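Peer 1: Spelled out, the chains give:
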Amino acid sequence: MKLGPYRKIALDGLWHNNQALVALLGLCPLLAVSSTVVNSLGLGLATTVALVFSNGVVSLIRNRITPDVRLPVFVLVIAANVTVIELLMNAFFHDLYKILGIFIPLIVTNCAIIGRAEAFASKNAVDRAVLDGLFMGLGFTAALVALGAFREIVGTGALLNRAELMFGETARNWSVRIIENYDGFLLAILPPGAFIGLGLIIALKNVIDARAKVRAQAAAGQPVAFTPAVRKA
Amino acid sequence: MRFPTAPAPHLAPPASTHRIMQWVLLAMIPGTAAQLWQFGPGVLVNLALAVTTALTAEYAMLRLRARHSRAGLSDWSATLTGALLAVSLPPIAPWWVTVFGTLFAIVIGKQLYGGLGYNPFNPAMVGYAVLLISFPKAMTAWLPPVDITGTHWGLSDAWNAIVHHTGPDGSSFDAVTMATPLDTLKTQLGLGRMADEIQSGPLFGALAGKGWQWVNLGYLAGGLWLLRRGLIAWQIPTGFLAALGTWSLVFFLLEPQTYPTPLFHLLGGATMLGAFFIATDPVTASTTPKGRLIYGALIGSLVFVIRAWGGYPDGVAFGVLLLNLAAPTIDHYTRPRVYGHPG
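As given, the protein sequences belong to chains E and A, one line each in that order. Using this note's numbering, the first residue of the first sequence is number 1, and each one after it goes up by one. Using this note's numbering, the first residue of the second sequence is number 1, and each one after it goes up by one.
Chain E extracted, bound-state conformation (with noise of 0.2 Å):
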């Protein structure tokens, strides 16, 4: 078995084509709930499983639904499968569910899930869906979650606050304080320290990825091209 394609499907989920970082879909859930890093943690799961589901189902029916009524049919699998995930959550991890509210049924409008649906799962066998589901659902998780520590730790000085949410009652005393006498920093909870801190972590990609890209071209012979962000590389 040739692990090429996969290792593709799984490095543009996580990196290449994250779709929080990337191809900036998802925002409305990114930018609303990424306030703690159990938030985070929790909406970005929920949002992988509803990835994975649907990618599945989608790579499953493909060869049965005509082009023109693919998206409609797309919409009602990714809400059945919201659905139930709902339902789950709301039964065994009820106080997140309390938390996350309206977004947890908002998962139905988030565009990185048709857009896989549309642009992968319905081209690509069950098996590749699927794994495109899981490796894109990580990527947001990991830049959901990123985001929500920024956040947490900026607005708050501690981390893992109220994780007993999400991993029971021995998780209770996980909350680090990373800054001592810290009197918090309110505008990063509210909604602008959600934007400022994504595009802060969209910058510091960009410049991760132009640098590897010098590296690689001074590896391969190539003339590099001199700007700003590479100056230092």
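Hint data in this document are derived by calculation from the structure and do not stem from the laboratory. Remember, predicted model here, so these are calculated numbers, not experimental data. Do not take every clue at face value.
Beyond 12 Å from chain E on every Cβ pair, some chain A residues (computed) [as the list claims (entries may be wrong)]:
hint : residue
1    : Pro9
2    : Lys210
3    : Ile330
4    : Asp331
Which residues of chain A face chain E? A few of them, derived with a C-beta cut under 7 Å, are [what the hints assert, rightly or not]:
hint : residue
5    : Val130
6    : Ile133
7    : Ser134
Cβ coordinates follow ideal geometry from the N, Cα and C atoms, glycine included.
Got chain E; can you put chain A on it based on the hints?
Peer 2: Leaving out everything else, chain A in the frame of chain E:
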């Protein structure tokens, strides 16, 4: 005696950016002097902190962006941003508040958008709004003006208050600060007292809030000088003050129990600083003649709305930021008709 005069035509040299910025800074002197007189030398410490931070941040960002850092620094725009933010802050705001607000203004409000000329929002007001939202306690602790206390703060007192967070002579910090007249009015109205009763209280002077009236008159004088030199468009302050005056007059006449006098609005809070120095920023304001009137009038209206019914005591920063957002649209719909072309 010989006066070397070139033959006609005599044209005024076009005003350069650094010259305009210097003149605006000069025009801030009367208002700042009134602040110095009424609220003590804390404003000088704030100015020094903010301007130093602004210049350092501007230099660092220009270097990071591989731009010409000397040319960027010598246009005085960072100095003006720092100065405008410094005079908006409480006179004994902790040093980190001033430094952080200035950093935010220059780094995120200005340079990340592309530097001078590309920023959609007034950088000083971005810094101010961030501080007000994030650190409400430090941002509302104003000193009582000299007109009330009669005691003058020394420079060392102000320095200790800002850097070490201690009041003069070991007094508690909370004992020396007090709410601004706008803040007091809002709180007392919330407690069910009458506006005229509140305005006869010890915080209020002949025209408006004690101390604040002189600060506003100072900025009005500086602003009129700027108008006379043709450095700012007359439409913006006119629209601003006319709208604020009209709204406050209408509501004062309708219900004098709930709404303070128009004079209190016009000479209170950041009205004059906002109308002449902040709303007129050439980068972020509207640029057409009619558009400037609308832009100013909408800011003035928002200031009244926020002061009368909003959650914050003053609304100049929020009004200016919201209208910065609307300025391109206003410009789009108010483009002057070119002669000979149908509208």
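Peer 1: Each hint should be assessed against the structure and marked as holding or not.
Peer 2: For each hint, the structure was consulted:
1. Non-interface status of Pro9 of chain A relative to chain E is upheld: no Cβ of that chain comes within 12 Å, the nearest being about 45 Å off.
2. At the 12 Å boundary, the C-beta of Lys210 of chain A stays outside the reach of chain E, the nearest C-beta of that chain being 31 Å off.
3. Interface exclusion of Ile330 of chain A from chain E stands, the closest Cβ pair being 24 Å apart, more than 12 Å.
4. With a closest Cβ-Cβ approach of about 25 Å to chain E, Asp331 of chain A is found to remain outside the 12 Å limit, as its non-interface label requires.
5. Satisfaction of the interface hint for Val130 of chain A is found here, the shortest Cβ-Cβ separation to chain E being roughly 6 Å, below the 7 Å cut-off.
6. The beta carbon of Ile133 of chain A comes within 6 Å of a beta carbon in chain E, closer than 7 Å, and the hint placing it at the interface holds.
7. With 7 Å as the threshold, the beta carbon of Ser134 of chain A comes within range of chain E, its nearest partner Cβ sitting at about 4 Å, so the hint holds.
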